[in-house]
Every structure is written in C-alpha cells, then in structure tokens.
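**Q** What follows is the residue order along each chain.
2 protein chains.
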Amino acid sequence: MRFTAEQRHDDGVLERSFTLGDIPGILWTLASTPAPLLLLGHPGGLPAMYPRLSGRARQAAAAGFASATIELPGSGDRPRSATADQARADLRGALAAGEPVTDDIVDRLVLPLVDAAVPEWQAALDALLPLPEIDGPVGYAGGVISIGVRLAVVEPRVSAALLFAGSFVPRAIFDEARQVTIPLLVLLQWDDEGNDRQMALDLFDALGSTEKTLHANLGGHTGVPAFEGDDGNRFFARHLK
Amino acid sequence: MRFTAEQRHDDGVLERSFTLGDIPGILWTLASTPAPLLLLGHPGGLPAMYPRLSGRARQAAAAGFASATIELPGSGDRPRSATADQARADLRGALAAGEPVTDDIVDRLVLPLVDAAVPEWQAALDALLPLPEIDGPVGYAGGVISIGVRLAVVEPRVSAALLFAGSFVPRAIFDEARQVTIPLLVLLQWDDEGNDRQMALDLFDALGSTEKTLHANLGGHTGVPAFEGDDGNRFFARHLK
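From first to last, the protein sequence lines stand for chains A and B. Position 238, counted from 1, in the first sequence is what numbering that gives the first Met the number 0 calls 237; the numbers after and before it change by one each time, with no gaps. Position 52, counted from 1, in the second sequence is what numbering that gives the first Met the number 0 calls 51; the numbers after and before it change by one each time, with no gaps.
It is possible that part of the hints are untrue.
As the list claims (entries may be wrong) - Each pair of labels, with its calculated beta carbon distance range:
(1) B/THR209 / A/ALA4: 36 to 44 Å
(2) A/THR221 / B/ALA61: 33 to 41 Å
(3) A/THR209 / B/THR101: 30 to 38 Å
(4) B/THR180 / A/ASP195: 45 to 53 Å
(5) B/ALA61 / A/ARG79: 48 to 56 Å
(6) B/THR101 / A/ALA236: 45 to 53 Å
(7) A/ARG177 / B/ARG1: 52 to 60 Å
(8) B/ALA61 / A/PRO136: 25 to 33 Å
(9) A/ARG79 / B/THR209: 33 to 41 Å
(10) A/GLN58 / B/ASP195: 35 to 43 Å
(11) B/ASP21 / A/GLY63: 50 to 58 Å
(12) A/GLN85 / B/GLY207: 53 to 61 Å
No wet-lab data here; the hints were simulated from the structure. We treat Cβ as the ideally placed atom computed from N, Cα and C, and that holds for glycine.
Isolated chain A (complex conformation) (with noise of 0.2 Å):
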C-alpha cells in the first residue's frame, strides 16, 4: 500500500489516498487513535461516490471510527471487463423493453463482481489493519450487497455489517446468505425504482445471524436518511466497540 495524498479536515479527520497496487482507495482516520475500521463499500466509481463516502467517513469519525474504502473492479479508473459491460447492457437493454431480469444477466452481472473483489476488500484489510491509527474488530458498511454477504461468510475479521439493499443479487449468494452468523442492520429503501422490494425482504429472510435488523426508509435509492447514519454508527458501537 502507498499513499499517494493527504489532507487534514477541518474536524481532525485525516483523509489519506493510497494505491494498493493498481487499486485506488481512501482512508480516513482520527487525530485521536487508534479506532475500529469500517470498510465503506459502495457500487463502484470513487470518483463520483467520493462526496457520499467522505461524508459518511467523517460521520464515523465523529462517533470513533476510521473508514477505507477501494475501488472495484472494472469501475473508476482501473480497466473496465467486457464480460461485465455485456452483462451491463444486457440489463438495461431488459429493462428499457420491459422484460423480466433473468438469473442469467444477474449472475453475469455480480457473481464475476464478488469473486474479484472480495479478495480485495481482504487484501486491503492486510494492508490497513497493521496502520498503528487502526485497532479493534471490522465492520463492513454499503452497498452492493452481495459482496458484502460474501465477506461477511468468508472474512472472520469482519465482526458486523451494514448491508445496503439496492442492487440485483444471484441466487447462490442468497446460499451464501445462510451461512452469515455477524450481526446484521439492513437498510432498504422502499420506494427504490432500481431494487426489488420483495427480493430485498426475502433476502433479509435468508440471513442467517441470529441479531438481524431491518430499517426500511420511504423514499429512493439515493434517499437514505440523515437519522440512519447515527444509527449506524450505533449499530458499530455495540458491535465492534
């Protein structure tokens, strides 16, 4: 790993960027340390996610937390995959005629996706968790879901996740589902156009931690209340504190 930026926040917060070999992140930690991590996963693109993800970094700073988050595969600048792009247009090409998204275009879509970038987020944990500013158990916190659910499956020092339920999800990562035991705060916005409500909920369903927790809010994919950050960083508070 090797910083490649630094800039200290007006709050304290020193907001890092490194490149873990090709791979772009960020890390974001306190003047006060060290703290427990959040990994801050997102849907790919650092730079057009870089406003969300700073200001969720900087409300986890408030309440004790370092953050990082890294770019995925095939999104931002790192090279893009044909196989994902087919799938891509696939999807909106369903979508535009009105048709059902079939398992097909779905595991195309996501399944490639979490097997290259679970290793990753593990990689980055190697990285980042020797860094004498970082100490204590993780939390995983974002979106694409199902790389989440892996993570929390095969990495046991991910103790607790926040899971964002806004993407499309394979059947065999609703399998995987099942084998998750961390503790678990679903977020699920209701009136998300570009997310299955009722897939969301049976995904919830299938979880298999025994301390599981659903917020759904009103509104859409980018509608995430303000209120729902503190009870996140809550949720981590009782988890990883």
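Mind docking chain B on chain A? Use the hints.
**A** Below, chain B alone, put in the same frame as chain A:
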C-alpha cells in the same frame, strides 16, 4: 382525573396511578419538568403489562419524556365485553382448527375496541395536558396498531407515533392508514408467531406518511431488542422536541 397512589423512583421519576372516570391509568413524570408526553399503548391488561410499561416509561424519562397509559376497554379490571369475548373465542377456535382468521372475526375483535378506546385516549389527553409537568407535542408508542392508526388520523395533538405491528388489522384500518400524515416508526418482530408478517409489511406500505421507517428485528412478539427503546426515544426526540 383523580390520583390514587404515587411513588417516587430512585431515578427521580414520579409514578402516579389515577382513574379517569372508571378507567385506571398510570402517569410517569420527571423531576425536572415540563416534558413532552408519550402515550404508551399496549394490548390490554395493565396489571400484567405493568413491568414492561414501567420499564419503557423509565427509559423514556431518562430521555426527557413523560409517559402515560390507560387500561383498554374490556381488559384488566374493567367490565368485559360479551361481543369481544365472543370474537376472541372465534379467533382462538379458528387458530386451533388451523382455519383462516376471517375478516369478520378480525372486524368484530378489533373495530369495537378501536371505536371505544380512541375517545378514551383523547379524554386522557384532555386530562393530562393541563398538568404543569407536561408540555409540548404528544407521541403515541406501542401496541394495538389499529388504535395507533386511528389516533394518528383523528387526534391532531398526536405529532408522531411508534407503532408496534403485532395484531390483526381490519381492512377498514388499512383505509384509515392512508390518511395518516405524521412521522412514524413501525416495529415488526420478524418471527412473531401471532402476527402475519406480510400483512404488517402491507400496512407499512399503506401508511400515508411521507416520513415513515420500519424497524424489523429477529425474534418473537415479546423479543424486541433493548436497543429499540433507545431508537424510539431518538425518533421522538426528533419530532417532539
């Protein structure tokens, strides 16, 4: 309203039993007054519900709220209703026989209760709000969700409601739900044996408020996690303070 007994708790909360006509009730107020009032709903039977209601009231007091509750018509020490007893017997008979609970049974069980209870909660407000210990907008928190829905529609002094999904809801109440406009937090126990999960989700969907949040937790009817008490207090703090 006539106070019939009082005790001061270690945390400074003053708990007073009262009667309003022939309706028994309990009021919890703070040493440092005045405070916004929460009406604590429940399924009926104050003596049996007392430990849970008292715990909820003390938790609300720690967050700066006064609380009050009254006995439901036909419950506890109040005169029983022959029609309600018949409907309850029909409900038990249907459940025991594995037969569907018909709309007719639900209507006979719930609608007369709502019709009788809501004016009593309003009369309790008339009696409680002039007290010097109470000031500010009112919240309704708790069970018999149909009573909470009706109150939210007809009683302008109720500014926010935390509704506990856990009982049968008549179709007529779904129509009233569309008229609700106050902020809502709906609690759903995901594995509540006596509750129809899909019906609870449909009711959440039907509620007309533009700010509404659903919190679903794993577990049965009485298994609401302790952290939901804090969440409820923060919900009311956002809307009543």
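**Q** Does each hint hold? Answer for all of them.
**A** The hints, checked one at a time:
1. B/THR209 / A/ALA4: 36 to 44 Å: For B/THR209 and A/ALA4 the Cβ distance comes to about 41 Å; the hint holds.
2. A/THR221 / B/ALA61: 33 to 41 Å: With Cβ atoms ~35 Å apart, the hint holds.
3. A/THR209 / B/THR101: 30 to 38 Å: 35 Å, holds
4. B/THR180 / A/ASP195: 45 to 53 Å: Cβ of B/THR180 to Cβ of A/ASP195: about 28 Å, so the range 45 to 53 Å is violated.
5. B/ALA61 / A/ARG79: 48 to 56 Å: Distance hint for B/ALA61, A/ARG79 holds at roughly 54 Å.
6. B/THR101 / A/ALA236: 45 to 53 Å: Holds: the Cβ-Cβ distance is about 47 Å, inside 45 to 53 Å.
7. A/ARG177 / B/ARG1: 52 to 60 Å: 57 Å, holds
8. B/ALA61 / A/PRO136: 25 to 33 Å: 29 Å, holds
9. A/ARG79 / B/THR209: 33 to 41 Å: Holds: the Cβ-Cβ distance is about 40 Å, inside 33 to 41 Å.
10. A/GLN58 / B/ASP195: 35 to 43 Å: 37 Å, holds
11. B/ASP21 / A/GLY63: 50 to 58 Å: 53 Å, holds
12. A/GLN85 / B/GLY207: 53 to 61 Å: For A/GLN85 and B/GLY207 the Cβ distance comes to about 43 Å; the hint is violated.
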